[in-house]
Amino acid sequence: MPAEGSATPQSETSALVSQLRQSLGLLRVAFDATGEAMLIVDSERQVRWVNQTAAELWGGGLPLRVIGKRLEALICLRHLDQRLLPLTDSHHPLNQSRLGEGQASLLVQAISSLESSQSDVLQRMVSWRPITEMGGVFTLLIFRDLEPLEKSLQQQRAFINSLAHELRTPLAILSGSLRRLDRKSPLAAPLDRALNNAIDETKRMAALVDKLLLLSELDTDRFNWNLKRAPLDQFLDQWLNSLVADDRSKVHMHWPSTPSNCLMEFDQLAVNRIFDSLLGNSLRFGGSDVTFTINVVVNSSFVDLSFSDNGPGIPDDQDISALFERFSRLEAHRTLGEGDGCGLGLSVVKSLVEGMRGEVLFEGESPAAGASKPFKVNLRFPIVKTISGEHVVQVDVDPKVQEDVQTDQV
Amino acid sequence: MPTLREDDDSLMDWTPGAVASLRERFDLPFVRADREGLVVEFNDRFGTIYGWDSSLLGETLGMILPEEFRELHHAGFARFQITESSQVVNHPLELATICADGSVIRSEHFIVAEKDSKEGWSFAATLRPLEGPHAC
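Chains P and Y, in that order, are what the protein sequence lines are. The first sequence maps to residues 1 to 410 in the working numbering. The second sequence maps to residues 411 to 546 in the working numbering.
In case anyone wonders, no lab produced these hints; they're calculated from the structure. Some hints here could point you the wrong way.
[Claimed, not checked] Label pairs and their calculated CB-CB ranges:
no.: 1; chain 1: Y; residue 1: E469; chain 2: P; residue 2: P256; range: 55 to 63 Å
no.: 2; chain 1: Y; residue 1: P543; chain 2: P; residue 2: L16; range: 39 to 47 Å
no.: 3; chain 1: P; residue 1: L84; chain 2: Y; residue 2: P502; range: 53 to 61 Å
no.: 4; chain 1: P; residue 1: D210; chain 2: Y; residue 2: V514; range: 54 to 62 Å
no.: 5; chain 1: P; residue 1: L26; chain 2: Y; residue 2: G457; range: 31 to 39 Å
no.: 6; chain 1: P; residue 1: D304; chain 2: Y; residue 2: E494; range: 53 to 61 Å
no.: 7; chain 1: P; residue 1: G35; chain 2: Y; residue 2: P476; range: 24 to 32 Å
no.: 8; chain 1: Y; residue 1: P543; chain 2: P; residue 2: A73; range: 26 to 34 Å
no.: 9; chain 1: Y; residue 1: P502; chain 2: P; residue 2: L153; range: 41 to 49 Å
no.: 10; chain 1: P; residue 1: L149; chain 2: Y; residue 2: S431; range: 53 to 61 Å
no.: 11; chain 1: P; residue 1: L16; chain 2: Y; residue 2: K528; range: 19 to 27 Å
no.: 12; chain 1: P; residue 1: F327; chain 2: Y; residue 2: P476; range: 56 to 64 Å
Built from N, CA and C at the ideal position, the CB exists for glycine as well.
Chain Y with its partners taken away, still in its complex shape:
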């Protein structure tokens, strides 16, 4: 299987559909938070790479972000509730990601906001580890 880094063409197309396709193709880690920023699901790959288990469910997504970003994260979520717009969605963002053991893996986050008629807004982030054994 080719690595994501080798697949240059796919890296050029950062659309939600393309990211979903890449996620399946390369088995990328994935985490979803509800409208309040609480983690509602993540895939096995996310657990494998970042070490989190089910105890993360129901916790704030800020847990996987460096401390200095948490204020911005909470304010950003609160802002989204009012404006339904965000600067961080639909394009890749390089961010340090905190693992369950406290270590840090520099990763690229692609965040998509999705609106469900029943549940309202949720935020799905597909991650690409940029360093460590799982870098791709």
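Just chain P, same shape as in the assembly:
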């Protein structure tokens, strides 16, 4: 018999259970009090947990009506331009969560409202986070209303998007008219100069509008990604093959000595645009003898693509990262003769890299006093899957997305 005053194992267990129950209750109260709708779904997409806000939105106020249902039976997600975001799309939060946490601004529609009205479509910042600590694969989805500042920013970006769209047509007409005038030459020398200036400026403006449009599409999640899973070398080879022979000869690829087949998830056109832009930058500012090096380093979960050239570099006091900000240019390059002059090219690169879950890293090298530092940028992308021969080292591909996987080429 235990001594008086000492707790029995049974009473200890009872006290522990009571304490756990209280903690659980407090957690439940806290989660129910938040204005964010929260859901936890399992690997079968079945809802396992909801808070009260989610129940209010999709279960008539009762969590019981949401639990056990599949996510697709509760809500459908759309891009901000109303395009459906199906479960098979690799951009769907449940597929994205296999690669880590993230967020996107999306439209959320209750399935129950699909046939009634469009008024139940809500714009929400949807965050996803994989939960792997519980012995199973779960995803936490959080649906947050946009803050006033975010709403204002969204409206501003949507306005720029519309504006860029509207400017495209008159620019195309202007450009066509100028070309027709050009074909009527010979014109008097002063007129010919003016015409050529107008053609150049129109081209520059069209390029600016194109970049602006692309950036605004990326900002507002309206960019139509065409993501495919394929080995890294396939994406890089396709880009190399798209180059003219002269440009291709200036590119030096350095692959790791041990071959490693990394399956990446890229949009080939975006890849081409990123590498074209970096190469174009080097060719524009590096002179005719410039060479462009891509050093590929494969790590366990990511790939580093390190870009550098042997051009004149940039002044020591200039921050390379600043060049990737919008409308940012080197003072030395602020002449119309060099580049497109708009300072958007590298910010497009940054947005496209981030859109494919990558990041732009800047490798600092301290040059001698007064000397220029080389232009060196590292693009880091997550590996979707690593395949060594026939053996799959890491598998995290959703069977529904697997249709896109071009494993036959691995």
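Chain P is already provided as a structure; the job is to place chain Y on it using the hints.
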């Protein structure tokens, strides 16, 4: 004796008193859990329809709920201890109900929270099987 389904008027009135009256009139299954969610009593009808015997007494009410609802059930009970309010009481809820043999009968649950000055809160659920031989 008329079936509950035929008695449309009585179905319209979902109040604790009306449910108690319906329970007696139609001999509906009934189960009660204490403030911790442990089963303290059930009537013969509940045993007959869902197959449970006295071994259910003292077990968590989660035993008669599908697995996916158990987390919510425990969290809901824990929440009630703090807030003394619940979204699930005083209106009918359609839920799958687990029988002793593991089979499932879709049933309508009407849950009432009752406070006793001595025992504190308890939760009484009157069930209406919606399918199977005892559907009403």
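Hint-by-hint comparison with the structure:
1. Y:E469 with P:P256: 55 to 63 Å: Roughly 60 Å apart at Cβ, these two residues keep to the hinted range, so it holds.
2. Y:P543 with P:L16: 39 to 47 Å: holds (43 Å)
3. P:L84 with Y:P502: 53 to 61 Å: With Cβ atoms ~35 Å apart, the hint is violated.
4. P:D210 with Y:V514: 54 to 62 Å: holds (59 Å)
5. P:L26 with Y:G457: 31 to 39 Å: Distance hint for L26 (chain P), G457 (chain Y) holds at roughly 36 Å.
6. P:D304 with Y:E494: 53 to 61 Å: Check passed, 57 Å falls within 53 to 61 Å.
7. P:G35 with Y:P476: 24 to 32 Å: holds (29 Å)
8. Y:P543 with P:A73: 26 to 34 Å: holds (30 Å)
9. Y:P502 with P:L153: 41 to 49 Å: Because 46 Å falls inside the window, the suggested range holds.
10. P:L149 with Y:S431: 53 to 61 Å: With Cβ atoms ~56 Å apart, the hint holds.
11. P:L16 with Y:K528: 19 to 27 Å: holds (26 Å)
12. P:F327 with Y:P476: 56 to 64 Å: Given a distance of about 58 Å, which is inside 56 to 64 Å, the answer is holds.
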